[in-house]
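This is what each chain is made of:
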Amino acid sequence: MSRQIFVNLPVADVPASAAFYEGLGFGRNEQFSTDQAVSIVVSDSITLILLERDYFATFTPKPVGEPRKTTSVTVALSAESRGEVDDLAERAMQTGASTANPPQDHGFMYGRSFFDLDGHQVELVWMDTAAMPLP
Amino acid sequence: MNRMIFVNLPVSDLAVATDFYTGLGFDLNAAFSDADCSCVVVSDTICVMLLTRARFADFVVGAVGDASTATTSINCLSTQSRQEVDDLHHRALAHGGKPWKDLMEQGPMYGHSFTDPDGHVWEVLHMDLAAA
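For the record, the sequence lines run as chains A and B. Going by our numbering, the first residue of the first sequence is number 1, and it counts up by one from there. Going by our numbering, the first residue of the second sequence is number 1, and it counts up by one from there.
Where hints are given, some of them may not hold.
To be verified - Not everything, but these chain A residues come out facing chain B in the computed CB check (under 7 Å):
| hint | residue |
| --- | --- |
| 1 | S2 |
| 2 | V7 |
| 3 | L9 |
| 4 | Q36 |
| 5 | V41 |
| 6 | T60 |
| 7 | P67 |
| 8 | T70 |
| 9 | S72 |
| 10 | L77 |
| 11 | S78 |
| 12 | R82 |
| 13 | Q104 |
| 14 | F108 |
| 15 | M109 |
Hints listed in this document are in silico derivations from the structure and should not be mistaken for laboratory results. Yeah, the Cβ is synthetic: ideal placement off N, Cα and C, and Gly gets one too.
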């Protein structure tokens, strides 16, 4: 089995955040979801786990970060096409996200980014690797 | 193509951070690495992008956070075996990582955790699905 990643993020309102990510078209793994944490299946190998902030706090001895104030991580997801980048970004905007950075268009690479309901920065990137300039 | 994820992390010393992640056994993708950024290939769908704090700042709107003082994400990687959990934990501590939580053993789950040199938290987990 190929390696899986579980990205655990603190959120203020679990049902609202779960609805936001489900609105992007991702499914929910009920087996690993509770009132305090919802498991959002991005792909076979990628899962986002949205944890209520107080519950997230039980997993760290340090204060829970405030993504609206400082950014310690950004998560980029690849898309199949420029259209899918736009589609996901538009869906995000319609369900409560705000734009993080202006769209990045480098021809062979196209990206948009948003802040989710808690201010976590998510990027959507399409790349035409065949057309990528060599370094 | 399967969807890929790039976990982008700010680091204070790119060489130190890169040594840590390659020390875990992961390769670099040279095509996506430069003086300000190392692209660590965890699997064919998972990459960790290590960016100097100055470079990371170019991609974010507000201030760059400090993972050593507050925790904003915890990333967990699955492993093939309990042995691989132990092995990754051992390698992490041998390459500049710091201990995080105690070994976790709960039914079919066996996991350990550590931070990278900048304080970004990682868990490594084996789940014995046959026993779950």
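Okay, the hints, checked on the actual structure:
no., hint, result
1, S2, "holds, 6 Å"
2, V7, "holds, 6 Å"
3, L9, "holds, 6 Å"
4, Q36, "violated, 15 Å"
5, V41, "violated, 11 Å"
6, T60, "holds, 4 Å"
7, P67, "holds, 6 Å"
8, T70, "holds, 3 Å"
9, S72, "holds, 3 Å"
10, L77, "holds, 6 Å"
11, S78, "holds, 4 Å"
12, R82, "violated, 15 Å"
13, Q104, "violated, 9 Å"
14, F108, "violated, 12 Å"
15, M109, "violated, 11 Å"
In this structure, the hints that do not hold are numbers 4, 5, 12, 13, 14, 15, in rising order.
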